[in-house]
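Trainee: Chains as they are written, first to last, in the working numbering: chain E, 1 to 508; chain R, 1 to 508.
Each statement offered as a hint is correct.
According to the in silico footprint, chain R covers these stretches of chain E (three or more CB under 8 Å from chain R):
1) 30 to 39
2) 47 to 54
3) 225 to 239
Some residues of chain E that are not near chain R, with every Cβ distance over 12 Å (derived):
4) Leu327
5) Leu349
6) Lys390
7) Lys488
These are computed hints drawn from the structure, not numbers from a lab.
Quick caveat, the model's predicted, so the values are computed rather than measured.
Here a beta-carbon is modelled for each residue, glycine too, at the ideal position from N, C-alpha and C.
Protein chains: 2
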Amino acid sequence: MMTQKLLEQVYEHARQSSLLSGTLALLEWDHHTYMPPQGGDARSEQVTLLSGLLHQRNTDAAYGDRLRELSSADSMAGLSEIDQANVRGLLRDFEKNVLLPEALVMATARATSRGQQIWVDAKQKKDFGLFRSSLEEIVQLRREEATILQKPNRTRYDSLLDQYEEGADSAQVAMVFAELRDALVPLVRDALDRESERPSRLPIEANFSIEGQRALSRWVAEKIGFDFERGRLDETVHPFCTTLGPHDHRILTRYHQDSYSSGLYGVLHEAGHGMYEQGLPVTMHGLPVGSAASLGVHESQSRLWENMVGRSKGFWSWLYPEAIRHLPSLSRVSIDQIVADLNRVERSLIRIEADETTYNLHIFIRFEIEKQMIDEELPVDELPDLWRQKYRDYLGIEPADDGEGVLQDVHWSAGLIGYFPTYALGNLYAAQLMETASQALGDLESMFSRGEFQPLLDWLRAKVHLHGRTYLPHVLMEKTNGSPLSAKPFLHYLSGKLSGSPAQGWAR
Amino acid sequence: MMTQKLLEQVYEHARQSSLLSGTLALLEWDHHTYMPPQGGDARSEQVTLLSGLLHQRNTDAAYGDRLRELSSADSMAGLSEIDQANVRGLLRDFEKNVLLPEALVMATARATSRGQQIWVDAKQKKDFGLFRSSLEEIVQLRREEATILQKPNRTRYDSLLDQYEEGADSAQVAMVFAELRDALVPLVRDALDRESERPSRLPIEANFSIEGQRALSRWVAEKIGFDFERGRLDETVHPFCTTLGPHDHRILTRYHQDSYSSGLYGVLHEAGHGMYEQGLPVTMHGLPVGSAASLGVHESQSRLWENMVGRSKGFWSWLYPEAIRHLPSLSRVSIDQIVADLNRVERSLIRIEADETTYNLHIFIRFEIEKQMIDEELPVDELPDLWRQKYRDYLGIEPADDGEGVLQDVHWSAGLIGYFPTYALGNLYAAQLMETASQALGDLESMFSRGEFQPLLDWLRAKVHLHGRTYLPHVLMEKTNGSPLSAKPFLHYLSGKLSGSPAQGWAR
Chain E
1 MMTQKLLEQV YEHARQSSLL SGTLALLEWD HHTYMPPQGG DARSEQVTLL
51 SGLLHQRNTD AAYGDRLREL SSADSMAGLS EIDQANVRGL LRDFEKNVLL
101 PEALVMATAR ATSRGQQIWV DAKQKKDFGL FRSSLEEIVQ LRREEATILQ
151 KPNRTRYDSL LDQYEEGADS AQVAMVFAEL RDALVPLVRD ALDRESERPS
201 RLPIEANFSI EGQRALSRWV AEKIGFDFER GRLDETVHPF CTTLGPHDHR
251 ILTRYHQDSY SSGLYGVLHE AGHGMYEQGL PVTMHGLPVG SAASLGVHES
301 QSRLWENMVG RSKGFWSWLY PEAIRHLPSL SRVSIDQIVA DLNRVERSLI
351 RIEADETTYN LHIFIRFEIE KQMIDEELPV DELPDLWRQK YRDYLGIEPA
401 DDGEGVLQDV HWSAGLIGYF PTYALGNLYA AQLMETASQA LGDLESMFSR
451 GEFQPLLDWL RAKVHLHGRT YLPHVLMEKT NGSPLSAKPF LHYLSGKLSG
501 SPAQGWAR
Chain R
1 MMTQKLLEQV YEHARQSSLL SGTLALLEWD HHTYMPPQGG DARSEQVTLL
51 SGLLHQRNTD AAYGDRLREL SSADSMAGLS EIDQANVRGL LRDFEKNVLL
101 PEALVMATAR ATSRGQQIWV DAKQKKDFGL FRSSLEEIVQ LRREEATILQ
151 KPNRTRYDSL LDQYEEGADS AQVAMVFAEL RDALVPLVRD ALDRESERPS
201 RLPIEANFSI EGQRALSRWV AEKIGFDFER GRLDETVHPF CTTLGPHDHR
251 ILTRYHQDSY SSGLYGVLHE AGHGMYEQGL PVTMHGLPVG SAASLGVHES
301 QSRLWENMVG RSKGFWSWLY PEAIRHLPSL SRVSIDQIVA DLNRVERSLI
351 RIEADETTYN LHIFIRFEIE KQMIDEELPV DELPDLWRQK YRDYLGIEPA
401 DDGEGVLQDV HWSAGLIGYF PTYALGNLYA AQLMETASQA LGDLESMFSR
451 GEFQPLLDWL RAKVHLHGRT YLPHVLMEKT NGSPLSAKPF LHYLSGKLSG
501 SPAQGWAR
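Chain E with its partners taken away, still in its complex shape (with noise of 0.2 Å):
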């Protein structure tokens, strides 16, 4: 009784606190969204006190006390798996959020919110000086959050990734990247030089309405399953997804009048992830198990409908009629041609926008960079050059200045750091799940041919969704595909694809 009775008090603490987070979010929302060119500065102010308000509630005593008590075996003895795994949970969050000055992180929640406003006024202009300062204060801050959060034998870095990849160790990820990139390269090369041979593009003019881009994507999103009663699809610079509440889940994506699929594999991948949190066990929200496993895991999501999923030949046979509704000059190219121009392969300046097989290296670049400031001091002046050598070793290509180099993407200004190595974990998993997937329901393309994708939605939310972060998303991963991280069924489903039998790659 008197655990039940603590329970519930630690519950209702921290179902409080996801309200603030909720309100976080729509702040956060607006602000890419619908707030006025002059509303910025406001904005800054009111995330920077609610992230104080949120963090004093995050690491309040008497919730610590409760939490600790909770824990302990007695305690622990008496609750579900599902009350045991909440504990855990909402217990490591506290430990590390009470070692946090709230000075720093609320330093932090300014420097962020302004940082992204800076930020995109010098992608704008080009101009990395513009956001330089901002940007080391912003390196600084986090570096300080990761001393502070460093475990023995770990990396000043694997604390920060740990906020977005619970348990992983940058080491071991650094390893499997390895591994990866080892295999990639001689891919990347093959298929470019196979490329070379085909036509550089479809065959019509690059002139499609955003009206009829709009409705496609939209009517996509909701055929994938995206419950627009629980949701909404909007648009702003840089894509994203976020959760306001348990019915409440916003994905945005920008749509380009020269390009049929830049906003639709928006949507497709924000869909993605809007599907898992719609998954995830409405009467836990607020909750560790009704929460996302991590990053990686989400990303797992995302990239699996974007382009598992999106850029299969299935998909575009069930798509094509719909499509070319909405974009007409599509019906002078055929279906080959559209999953051709999919898949192409090219040694591309824009991570968002790169092949799937490129898209990984992108991804390094990153990761390796991201490490040296963390671990090494490296300081933010020599990031612009860094950046430009990397993807001369790496892709061959050089960014002619620094908006298409090292300012492209919006995940610094934000304090993100740590981040950007789930997106390739992601993929790894998508891959794995997408072979489990197959060996249990089946032909999954010819599903999508028919416009199919509730069996495959079903088996991730029984399988992944519905399981929140009860388990460390490694264990989680293992506990579904039966093996550990690995690159190989990613590979598989690459080269499969890149010999131009696409389907090939789900092959039992």
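Take the given structure of chain E and dock chain R to it, following the hints.
Mentor: Chain R alone, transformed into the frame defined by chain E:
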């Protein structure tokens, strides 16, 4: 020095509180615009939590001590007039807030956030029964609040009215209203006699593209002076205006395909509110001097732009070419026909669609019912019948159902009891202001016909906006107009307009 230090601390505290109010405003704005259908429950909880946090800040004991110390004669002597006005206003707010238990504040926030959702449903289904118990709870909570705040020799209702129109006395208000009502009844009767001789509506098909209405409305809002760098225009069921920060003011309207004017006049009304907010002294944001004087003064601004500017012939002489560009069918009617249509007197059921002449009768009905609800404990069950009876008595018509009867306005569901009289006060203040402004600026209507709105806006900025809440509303209005609240300028304006020469209203 000590005083200066205290002042800084008090200002800092008040400004931080206004960051929370701005956040609450965003939660409400999003609730009425973009929130997904199922997001409502969590939103109510977010609003409740933040209302509680805001109340804690507003009643903080150390803050109150500082304010009381500052307001001592010695301290006040060392302050500028502006600082004195801020301290007095903050102390008045504190003394009221500190009387209210947090539980009551949070219960009211929850009940009204939910109440608005229930009201939407009940209104749609035209079923007062669905809203009955929610309204009963809200009225009970507001009555409790009114009892706590009640002052000697004042009614409970006065303490609610005081929250919207500081210093107002409902007995005095009722006297001015009675004078107005007695003059309006024959005016309306005569006007209705004349109307019956005129064709009932514009002789064109009532089918106006929403896109055209949107473009025209935005264009007009910008031309009269609403700053879109510091604001937005969106759509919702019930038009409103809200402030999220010193440079973030949002107005909302709704468009109906069968009316060229309903959306546009929503925008003119809300832009009037928005321009007032945009004209408050920015450096004083979050402090009384940077806040609106009262809702009555607020309504004076919205009704002034909506009616006294927007329904004038001068305004339409200017607007006509742009209007027919966006709504081409208007080219088949003349400016005179449009102005006559916009100033037609009608027995109508819906307040926000009511003409300027009968409008105040709609207010008196609500004012009288509200007073009974709060002061005489009128049971909510009797509202639908009482509403019908009063519409028969005052306007000679009767709603067919509760949707166009007692359920028509959002206000009571949002806890806004004591608010309605400020609309009528606003009409009276607006007429007094226009009279004073035309004495200072000359022939306003010919300025409107040339699209010159800046002189009037500048005058309102200097005489009203820039003073914020420095003075009590009736003091501010008396200073500006050189005379106390009076129905005469409004009646003079109306009779001038109804006699067929709208401009005459502002003759000196």
